[in-house]
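Undergrad: Going line by line, the protein sequences match chains A and B. Position one of the first sequence corresponds to residue 148 (our numbering), numbered consecutively onward. Position one of the second sequence corresponds to residue 12 (our numbering), numbered consecutively onward.
Worth double-checking, as some hints may not be accurate.
[Said to hold, decoys possible] Quick list of in silico lysine-lysine cross-link-like pairs, DSBU-like style, CA-CA up to 30 Å:
(1) Lys246/A x Lys76/B
(2) Lys246/A x Lys68/B
(3) Lys80/B x Lys217/A
Simulated from the structure, these hints should not be mistaken for laboratory data. Nothing here was measured: the structure is a model prediction, and the numbers come from that model.
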Amino acid sequence: GQQLNQSPQSMFIQEGEDVSMNCTSSSIFNTWLWYKQDPGEGPVLLIALYKAGELTSNGRLTAQFGITRKDSFLNISASIPSDVGIYFCAGRAPDSWGKLQFGAGTQVVVTP
Amino acid sequence: EAQVTQNPRYLITVTGKKLTVTCSQNMNHEYMSWYRQDPGLGLRQIYYSMNVEVTDKGDVPEGYKVSRKEKRNFPLILESPSPNQTSLYFCASRGPSINQPQHFGDGTRLSIL
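Looking at chain A on its own, in the form it has when it is part of the complex (with noise of 0.2 Å):
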């Protein structure tokens, strides 16, 4: 089956600071979407990408849909406490129905 790379796996950064994270995929995907999970909580949709090449924003966060169709980023501009949690990428592949392959997850964690 597909695999979806994500990284890095955890990132300690200080509030502030700029986080940037990836997902590749051994095939092409035709939606990218990136989650967020608090502790004790569902995953949150961040963003959704539909193109190749789009670049979409949500406040301080940046994800792009990479232009070979293989990969996406995600961005965080300027962290603050709250950005702390698990960041998923998923991508839904041309022929899957509408099924969904997750990416194993970045844990981010914010120090003052």
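Chain B: place on chain A using the hints.
TA: Frame of chain A, contents of chain B only:
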């Protein structure tokens, strides 16, 4: 408020004792899905349902059953739970278009002793 509701949120039980985790959504969504989340593995799909009475296996269906008798409900059934099914489980739903993002419940933490 649009939401996906799972029950119970936490359960500790023993090997072999049948259990059901309920999932209900109030968004009239056609598509519903169950995932399990394990450290370092992200979310893996167990079963999904495209609509009432239409269900199919995901990536890790062994040891699980589902049913979709009503649009709003999608229970996950463990007929004979085993310790390797100890995990965090999430139910999700979305509308009819495959481009619509999935909305997740808050999770059910199962511990099988």
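Undergrad: Assess, step by step, whether the Cα of Lys246/A is no farther than 30 Å from the Cα of Lys76/B, and give holds or violated.
TA: holds, 18 Å
Undergrad: Does the structure keep Lys246/A and Lys68/B at a Cα separation of 30 Å or less?
TA: Holds, at about 11 Å.
Undergrad: Given the hint that Lys80/B pairs with Lys217/A, test it: the Cα-Cα distance must not exceed 30 Å.
TA: violated, 37 Å
Hint check: a violation occurs at hint 3 only; the rest are consistent with the structure.
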